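Chains as they are written, first to last, in the numbering used here: chain W, 1 to 244; chain R, 1001 to 1538.
No lab work stands behind these hints, which were simulated from the structure alone. Small disclaimer: the values here were computed from a predicted structure and weren't measured. Errors might be hidden in some of the hints.
Computed from the model, here is a short list of chain W residues facing chain R with C-beta under 7 Å [unchecked claim]: (1) E47; (2) G72; (3) D132; (4) A137; (5) R143; (6) S144; (7) G147.
Yeah, the Cβ is synthetic: ideal placement off N, Cα and C, and Gly gets one too.
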Amino acid sequence: MTAAAQRITIRVQRRAGPDAAAEWQNFLVERDEAITVADALDVINREPRTVQGESVPPIAWASGCTFPTCGGCAMRIGGRALLACKTRLDAVADRRGVVTLEPLAKFPLRRDLWVDLGRMRSDFERMRAVVDAVPNAATIVLRSALGRCTSCAICLDACPEVRAGAAFVGPAAIAAAYDANLVEPSSERIAMLMLKGGIDDCGQAQNCLAACPEGVPLDEALAGSFRDATRAFLRRLWPRRVTR
Amino acid sequence: MAAAELCERGLEVELLSPLPPERWPMLPEAGITVGADPERSYRETIACGGWLAARAPVRAMTRAAHGLVDELERWGVPFARHDGARALRRLPGASHADAAFVECRTGELCVRALAGRLRKYRVQVREPYELVALVRDDAGRCIGAVAQNLVTTKMRLVAADALVLASGGPEKLFCGGGALSVESAAIVALEAGGLGCNVDCVGLHPAALRVGPRVRLLSSAMRSESGRFWAPEDETEVRPPREVPKRERDRFLDRAHPGWGALAPDDLCARAVAKRTRVYLDVSHLPEAHLRDKLETEIDACALYTGVDPTSAPLEVKAAAAGCLGGLWVDHERAADGGLAEDSPRNHRTSIEGLYAVGECAALYHGSCRLGGNGLLAAAFGARIAARAIAGFLEGAPEASPPPKAALRAAKKRYQKLAAPDAEQSAAALHERLRLLVDTELGVRAEETEETEATESIDDIRESAARLSGDPRAVRDAHRMLVFTQAFLASRRERSREEAPRSITLRLSESSAAIADTPLVDHEDLAPEPRRYAEEEG
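Kindly generate the complete structure, drawing on both the sequences and the hints.
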């Protein structure tokens, strides 16, 4: 292996703030120094220096744990939304040994690779995804699978219905509401699901299912939410006939 | 948890965090103690912690455990069930299965359930902010803080009648946190004159993976699901671990601790692992379906980082220093029944009036080694007790005066002074030197290291660290790590002079760490005796 082949070029889109112009900078990382993209960013940030030898400010990126726990390090890696801590460099480097990093596209930028996921918190709040009830033991397996969601926002980045000006809350908030309904069914929560931006806005592309890095059964959550919403709608029409 | 508890008591809360509240890093994932037998759990916690933990808070914690776990379940944590009843797992240091769990993601799901509570109470979350300095009034009371926005780098003054630190321990000095880890908040309080306690108590972990530039700690759940440690009998063994016959595998922990094996306390296991050249953690004798059910996250992570699938091959592991079990000294008030006077404003209060600490930045429940499952329990219980204490404190205390603007200027100036673009040593290099020092001399092999060796290295390091180059935040972090390492060494020096288990408290000054005389442990309830982990006890 040549010296060049032992190195990977990390190409990063840098922006000092939401209104600043984008600039591309290249950094070199030894292959044996870093296994994942998160490792590479850590290695670069020790003493950030571009390929041209220019000393630059550290790359801003959100990461709490650097192992797949917190879901904070979602970014576009080689054009796909992935978790930096869960993506091996050798799996995403192109033939020239280049890995391209950009921020998630559908969220307000804070700096460099760091975006503001605050809308997720308000979407969860809107969906009333909070419970206080003794859970049903029969739903534990499904709820444990739904609990894999780290709110990394990759499903929102992949969803064609989540776009500027659209009200859709996205799959993560709907899955959280479905999970809450499994513990403590709430007519208020189901009513929220039926409003604009709720389950009706899901186009069923299922990109979220394919993109989710944790394998959360989003299809089941979306289908279940459809079911709950339909049942609630029918119950409004024929209150005595429809039972759960 | 503390924020939600305070809101529940009708207090106005502002939460400053570098990360959204549902993304807290480095959590104990294996389980949370339910305290099926509180008295047994109490005794085991104290014994596991080398008789250093405060008796009354531990007793109160183990009594409250069952109720707390029930509450977490009501708030949405899907604890595993078996035939309708809650499934329990035996974790290191415990003689019985006594921890509720969700696969290997217990901590993660507890935090998300608590984030839901914050949404419920509409707690004002300010993110991404990091604590830079504490502000005290002339009488010494904490009246606020200086916090920095990590995006804009602007600092602001935060006024508060009381402040709670729940920032975790100094992870960056040990196994490394993420880019936004904020473990140095406890060090800020030490610098502001708060007392430290047992800062030399390092949490050791027997099963860590060296992954690229990091150390990854494997969840204790792997040991609890019948994981075994073994070392090849022949140290020069060259065969892949799968090909080493069973008779040539030395299951050293089963020999040393019959009945406990890999479930002996972390410190005993880690020291035994560190003595051997090559050690494997093996779960490959268990059915894959069982492993997938109980350990899926860990199995996937091991395969991702090491390329080894633990369902079919043993994993090579190392012992590592996982974090600090000591931290800020916090007070408590003992009740007549041996537990805590739970409404006392003294509970969880640091030596600074108006400043409280919970979770891993406070030293109260763990002593020198944490019982498996107690990490989450102590954090949740401590937060609840601290919230009650603050409510009590605010009832009797006058309103705090607004923090003066001079405090903001002083904080800015202080850290500007440390950073120098032309300095020979970078913050990253200092950080690395300190990590190496902790890893090699003060961590797993601390008992074998000559005290003078470590002291000399820290003196060298301190001399060269007066000015550092690099990003201002990295400079600040590295400086705090240095402060902490100094405190660590002073505490350790004092410990080596002690014969009986005793909590060591200290106060930092500009250039040194002075040992303070603040008794913490009430031995009368449970007197120290040699720790024994062999069959007759198990």
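Hints, verified against the model:
Contact between E47(W) and chain R, as hinted, is supported at the beta carbon level, the nearest pair being about 5 Å apart and thus within 7 Å. Hint status for G72(W) relative to chain R: holds, with the closest Cβ pair at about 5 Å, below 7 Å. Below 7 Å, beta-carbon pairs count as interface contacts, and D132(W) has one with chain R at about 5 Å; its hint therefore holds. The criterion of a C-beta within 7 Å of any C-beta in chain R is met by A137(W), whose closest approach is roughly 5 Å, and the hint holds.
Satisfaction of the interface hint for R143(W) is found here, the shortest Cβ-Cβ separation to chain R being roughly 4 Å, below the 7 Å cut-off. For the restraint placing S144(W) at the interface with chain R, the shortest Cβ-Cβ distance is roughly 5 Å, inside the 7 Å limit, so the hint holds. For G147(W), the interface hint holds, the least distance from its beta-carbon to any beta-carbon of chain R being 5 Å, beneath 7 Å.
The structure is consistent with each of the numbered hints, conforming to all of them.
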